Structures are given as structure tokens and as C-alpha cells.
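Chemist: In case you want the letters, here they are:
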Amino acid sequence: MIATIALIRDTFREAFARKIFWGLFGLSTVMILFFLFLLKIDIVEGALATVSLFGRTMDRTTDVDRLVSNTYGGIATFLYTWGMALAVFASSGLIPSVLEPGRIELLLSKPLSRTHILLGRYVGNVLVVSSNIAYLVLGVWLIFGYKTGIWGRAFLLSILTTIFIFSVLLSVVVLIGVMFESAALATMTTVGLMIMSPILAQTNLMMRLLSSEWSRQLWRGLYYTLPKVYDVGKMTLDVIRNGSFDSYMPVWSSAIFGTVVLSAALVLFAKRDF
Amino acid sequence: MTPAAHLAPPDSEDAISTADLAKIFRLRWSGREVRAVDGISLKVQRGSTFGLLGPNGAGKTTFVKMLLSAVHPTRGTALIFGRDARDPESRRPIGYLPENHRFPTYFTGAGMLDFYAALSGVEEDRRRKLIPGLLDRVGLDRWGSVRLGKYSKGMLQRLGLAQALIHSPALLVLDEPSDGVDPVGRRHIREILSALEEQGVTIFINSHLLVEVELFCREVAILHKGKVALSGKVKDLTAGKGYRLSASQIPERLQSELRAKASSNAARDGLVDFQFPTREAANEAVDLLRSERCEIESLVPTTSTLEEVFVRTVEK
Numbered sequence: 100m101i102a103t104i105a106l107i108r109d110t111f112r113e114a115f116a117r118k119i120f121w122g123l124f125g126l127s128t129v130m131i132l133f134f135l136f137l138l139k140i141d142i143v144e145g146a147l148a149t150v151s152l153f154g155r156t157m158d159r160t161t162d163v164d165r166l167v168s169n170t171y172g173g174i175a176t177f178l179y180t181w182g183m184a185l186a187v188f189a190s191s192g193l194i195p196s197v198l199e200p201g202r203i204e205l206l207l208s209k210p211l212s213r214t215h216i217l218l219g220r221y222v223g224n225v226l227v228v229s230s231n232i233a234y235l236v237l238g239v240w241l242i243f244g245y246k247t248g249i250w251g252r253a254f255l256l257s258i259l260t261t262i263f264i265f266s267v268l269l270s271v272v273v274l275i276g277v278m279f280e281s282a283a284l285a286t287m288t289t290v291g292l293m294i295m296s297p298i299l300a301q302t303n304l305m306m307r308l309l310s311s312e313w314s315r316q317l318w319r320g321l322y323y324t325l326p327k328v329y330d331v332g333k334m335t336l337d338v339i340r341n342g343s344f345d346s347y348m349p350v351w352s353s354a355i356f357g358t359v360v361l362s363a364a365l366v367l368f369a370k371r372d373f
Numbered sequence: 063m064t065p066a067a068h069l070a071p072p073d074s075e076d077a078i079s080t081a082d083l084a085k086i087f088r089l090r091w092s093g094r095e096v097r098a099v100d101g102i103s104l105k106v107q108r109g110s111t112f113g114l115l116g117p118n119g120a121g122k123t124t125f126v127k128m129l130l131s132a133v134h135p136t137r138g139t140a141l142i143f144g145r146d147a148r149d150p151e152s153r154r155p156i157g158y159l160p161e162n163h164r165f166p167t168y169f170t171g172a173g174m175l176d177f178y179a180a181l182s183g184v185e186e187d188r189r190r191k192l193i194p195g196l197l198d199r200v201g202l203d204r205w206g207s208v209r210l211g212k213y214s215k216g217m218l219q220r221l222g223l224a225q226a227l228i229h230s231p232a233l234l235v236l237d238e239p240s241d242g243v244d245p246v247g248r249r250h251i252r253e254i255l256s257a258l259e260e261q262g263v264t265i266f267i268n269s270h271l272l273v274e275v276e277l278f279c280r281e282v283a284i285l286h287k288g289k290v291a292l293s294g295k296v297k298d299l300t301a302g303k304g305y306r307l308s309a310s311q312i313p314e315r316l317q318s319e320l321r322a323k324a325s326s327n328a329a330r331d332g333l334v335d336f337q338f339p340t341r342e343a344a345n346e347a348v349d350l351l352r353s354e355r356c357e358i359e360s361l362v363p364t365t366s367t368l369e370e371v372f373v374r375t376v377e378k
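Chain order of the listed sequences is D and S.
Under our numbering, the first residue of the first sequence is numbered 100, with each subsequent residue one higher.
Under our numbering, the first residue of the second sequence is numbered 63, with each subsequent residue one higher.
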């Protein structure tokens, strides 16, 4: 346990030193301050009277519940796409840095299994990003709750789903890091998966458009194998807006993908010579 | 510092024991094999000071890395205090200072020691007590709160030694410990290592600095092309001017007789080296060996420094 805590603390220390933590923290703070000071909401008898942004009053009227759930949905989507890409970009160097010659030998000389070392680093990395996600979502949730009096708890689900998908994508970063020790390649591969996800999610449409059976099988194979970043995001949005979602399939299939990829990274790391 | 031997299992006589240890790297595209370490069998007794020597590319670092399981052997076994080197627990009694280490520069001196001590399982209270004393011991007591980016190479080396000592290891494996350290610092390191030797710590040094090894180590092994080219006690290998006779296929009875006449002897690679103080003694030994139809490999005049022994060995 002492060693595990040390590995996690070391990841935080490196994230602080590389300004990764403070970069994410700063962006989250800017977003929280934006909602705290620049967005003013006046509510009269449960209905929205005015919304002012940057001091300008908007004349659109709508009901408060919808405004809040739409805003939550917007933030969740923003966090899910751009926040996730930033987190992946920021984290991609934290695995190859441990494998640098002169550093890895010393880690391996300690009475720890290689699985312990890599998992300690992985968990530390997930916690660095998780703390920022939790800070941002909770901050926005508290501000909106305070300003509107509506405490949409479904929005808090986005903390879990964002951390979950980040953990799955981080397993790819770890695998590429162990195989090639390249932060750039790890980022490219992971962002590539994120970009592919909404395209692959159009399965019904593609089944009609694709002419051959093998291409349809390939599409389905890729869709069910790769992490469903888009589907889990949509699922989160559905819960925030409607309180329900279609299926757990995007979650469990992404979890299987993450587990398999992380296990492959652990096996490769255990077999490598340094 | 507390005596360290408690970290090692009490029943193991050898701190390090390898049998036919080999590492063959296969080049990815050509498929060509490179035998970095080629069947090394070596024993380092508990409490001894052992130097591993060899020219560049002899396989020293690969051998050390196999002891620490950073490199997986192609064949053979390595035991640390009787425990398989692949078992992470075998590394608990080891303090290691790698060559060309790269400590993360975001650490302070004290922070770095705290991190590596925690990885060795040292409790936080104990770490807090140990760190100031260790920094003082390596002459860095005023640098504990300074980031490593500001350290000179020699200071990093001394901090690396403190890191290797923090969990009171029973076996110290030091890869080029004096690298980048000035003469005063070297003497300081030697004094620290001598104190550890008195406490019963086994010290295994991998170094190019033959003078350093000669000054400190009691035993050495010279690696050449992945094999042990020569091994023995330093005082035997540098036993003054005389004649070194190398022969093979010597019956045990004759070996005992020649050992009694020789000033020192050492075994290597199927050969036995005998050091004779005079030309007459060497000639007498040649006569005895030839009468038993033994194969004489060489007979050479010797001088006394480890460097000369080293050069002679690797140039054979």
C-alpha cells in the first residue's frame, strides 16, 4: 500500500511539474468563473424572466428546467469532447516518461511487480484527470443550483461517464506508450478512436449504404470492438435531458475493450527488457 | 544506519549466485543473434566486496540488469540470497545505483529519497527520521529542499547512493558509483562503502575505474564477450611480478600440488591460472603438467596492477 500511494503521488507530482494538472485546473476554473460571474439568470415564479450573458440580456424566454438541462447537456458534451481530448493530450506523456532509460531500471529494482508499477501509474493518471473533472462538474452544478434553485442530479452522472471513458482511452495511451514509448503516437491513436466513434455509431445507416456483406461485417466488428465514446456521451446526454437511456451495451463493451487493452499493456510491459 | 543484514534471508550463503546465465538478443530485421551474456556462472559471497570488470560491450550491464530482472535471461538462473531473481521479493534486500540514472528533476533531494524509500516499503515515520541523516552522510545536508535540476552530476551521484542505502539493504549493486564525482567525493564514497562493508553489507560494483575497484574490492570477475574471462581474489590476481601459467585438463591431484607451489591461482573458462613467483618454479610446473599430458594454454610474465591483469585478459 505504501508503494501504491507513492506511485500515485509521483504521478500527481509529475503532473504538477509538467503543468498538466494546473493547465486542466485553470481551464476548469475559467469555465466555473464564467458561469459564476457572466451568466445572470432572473427567475420569476418558476419561469425564466431574463438571461444575461456578458451584460447583454437575451430576449428568448423558456422555462427554467429546460434551460438548466440544456445547459448541463451542453457542458457535458463540451467536457466530453474537448475536455476528454485535452485530458488525453495532457496524459499521453506520463507513461513514456516512466520508461525512460535511467529511470525505469531504478523502478524495476524495487520489490514491486511490473504490474504494480504500471497500474500505480495508470491509477495516478486517472486520478489526476478525475479530480479536475469532478472539480469542474461539481463547480458548475453548485453555481447553477444556487442560481436557479434546480439541483439536477443527473448532471453529476457526467463525472462518472467522463472518468469511465477517459479510463478506457487511457488504456490505449498506456498500451501505445509501452509498445513505442511515444507520447505523440499515443495521442494520435486515442484521438483517432474518439473521432471514429461517432462515425462508427451510424451503424443502421451504414448497413443500408454498404453493398457487400463483408464490409457490413467489418463495420459491425469495428463498432462493437472499439470503445463507444460517442454512444456513452449520448447516453449521458439522454439521462441529463430525459432521465433515461436505451442500453448499457456501450458501457460494458467499452469496459471490455479497456480491460483487454490494459491487460495487453501489462503483459507486454512484463515481458519487455529494459 | 542499522546493520543491514537483517533484510537478507539468514540461511543463504551467497548474496548472488548465477548458473549458466545467458542473454541472447535477436535483431529484429536481420534475425542475427547477439550474445550479450553467454553462460555466466558466478557466486558472490554474503558480506564480500565484489568488482565486475570488462571492456565496453562485455555484458556487464546486461548481467546486472538480469540480477534485477530488468532484463529477462534467455537461459540460466540468477539467485539473490537464494531467492529467484524474477521474484520481486528478491529485490527487497537490494540497494541499486544505476549507471546514467535519470532522476526526475521535479523532485527535491529529500523528496526523491522519500519516493524511492516508499517504493522499498519503508514506513513514513521511519522515512522522515532517516532522510536528514542520509543526506548528511553523503554531504548533501543543506541540499535536501533543493530541486534536482540544480544538482551537479557528482551531487546526483551521491544522492543516488543515498537512495540505494535508504532501506538498509543487505546487498548494494552499484553501477559506476564514482562516475562524475571529484577525487574528494570519491574518497568520501569509499569511506561510506567501507563502513557498510564492516556492517556486513555485500557490495557489488560494476565499474570501468580499475584503480577504484582495486582499492576497494576483495574479489573481481572480468567479463569479456559475455563470458567470465577471469575471476578471483584481487590479491591473488595482482600477486606481484612473476609468471602466470594457464593450463587445462589438469587432474585434481596435480592441481592441488601446483596450488601449493603457486603464489595464487584462479579458474576461468575451463582453464586454471597459476601465478609463480620465479622462472624456476614456472618451469618446474610446466614439466609436471607435460608429464601428465595436460594442455598448456600460455605462460606469460606478469606485473602487479589490476589494470595490467585486465588488459592481458581482454587482449588474449
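Treat each hint with caution, since some may be false.
[Stated by the list, open to error] Below, in silico cross-link-like pairs of lysine to aspartate or glutamate (DMTMM-like), each with a Cα-Cα straight-line distance of 25 Å or less: (1) D:Lys-370 to S:Asp-241; (2) S:Lys-297 to S:Glu-274; (3) D:Lys-370 to S:Asp-149; (4) S:Lys-287 to D:Asp-372; (5) S:Lys-212 to S:Asp-198; (6) S:Lys-105 to D:Asp-372; (7) S:Lys-212 to D:Glu-199; (8) D:Lys-370 to S:Glu-319; (9) D:Lys-370 to S:Glu-161; (10) S:Lys-297 to S:Glu-151; (11) S:Lys-287 to S:Glu-253; (12) S:Lys-215 to D:Glu-199; (13) S:Lys-215 to S:Glu-276; (14) S:Lys-297 to S:Glu-354; (15) S:Lys-289 to D:Asp-345; (16) S:Lys-303 to S:Asp-349; (17) D:Lys-370 to S:Asp-100; (18) D:Lys-370 to S:Glu-75; (19) D:Lys-370 to S:Glu-151; (20) D:Lys-118 to D:Glu-280; (21) S:Lys-295 to S:Asp-149.
The hints are simulated quantities; they were obtained by calculation from the structure and are not laboratory data.
Remember, predicted model here, so these are calculated numbers, not experimental data.
Chemist: For each hint, tell me whether it holds in the structure or not.
Modeler: Right, here's what the structure says about each hint:
1. Straight-line distance between C-alpha atoms of D:Lys-370 and S:Asp-241 comes to about 30 Å, which puts the hinted pair past the 25 Å bound.
2. About 14 Å separates the Cα atoms of S:Lys-297 and S:Glu-274, which keeps this hinted pair within 25 Å; it holds.
3. This hinted pair checks out: D:Lys-370 and S:Asp-149 have alpha carbons roughly 14 Å apart, not beyond 25 Å.
4. Between the alpha carbons of S:Lys-287 and D:Asp-372 the distance comes to roughly 20 Å, so the proposed pair stays at or under 25 Å and holds.
5. For the given pair, S:Lys-212 sits about 18 Å from S:Asp-198 by alpha-carbon distance, which is consistent with the 25 Å threshold.
6. Annotation: proposed proximity of S:Lys-105 to D:Asp-372 holds, straight-line Cα distance about 24 Å (limit 25 Å).
7. Of the supplied pair hints, the one linking S:Lys-212 and D:Glu-199 holds, its CA atoms being roughly 20 Å apart against a limit of 25 Å.
8. For the given pair, D:Lys-370 sits about 49 Å from S:Glu-319 by alpha-carbon distance, which is inconsistent with the 25 Å threshold.
9. At most 25 Å may separate the alpha-carbon atoms for a hinted pair to count; D:Lys-370 and S:Glu-161 meet this at roughly 22 Å.
10. Distance hint between S:Lys-297 and S:Glu-151 is unfulfilled; the C-alpha atoms sit about 35 Å from each other, more than 25 Å.
11. Between S:Lys-287 and S:Glu-253 the alpha-carbon distance is near 33 Å, which puts this suggested pair outside the 25 Å criterion.
12. As the CA atoms of S:Lys-215 and D:Glu-199 are separated by approximately 18 Å, the hinted pair is consistent with the 25 Å bound.
13. The straight-line distance between the Cα atoms of S:Lys-215 and S:Glu-276 is roughly 24 Å, inside the 25 Å bound, and the hint therefore holds.
14. Taking the CA atoms of S:Lys-297 and S:Glu-354, the gap is about 29 Å. The hint is violated against a cut of 25 Å.
15. Restraint check for S:Lys-289 and D:Asp-345: not satisfied, since their Cα atoms lie roughly 66 Å apart, outside the 25 Å limit.
16. Distance check on the hinted pair: S:Lys-303 and S:Asp-349 sit about 21 Å apart at the alpha-carbon level, within 25 Å; holds.
17. This hinted pair checks out: D:Lys-370 and S:Asp-100 have alpha carbons roughly 20 Å apart, not beyond 25 Å.
18. Among the hinted pairs, D:Lys-370 with S:Glu-75 is inconsistent with the structure: their alpha-carbon atoms are about 30 Å apart, more than 25 Å.
19. At roughly 18 Å between alpha-carbon atoms, D:Lys-370 and S:Glu-151 fall within 25 Å of each other, so this suggested pair holds.
20. Of the pairs offered as hints, the one joining D:Lys-118 and D:Glu-280 holds, with about 21 Å between alpha carbons and a cut-off of 25 Å not exceeded.
21. Distance restraint check for S:Lys-295 and S:Asp-149: the Cα-Cα separation of roughly 30 Å exceeds the 25 Å cut-off, and the hinted pair is therefore not satisfied.
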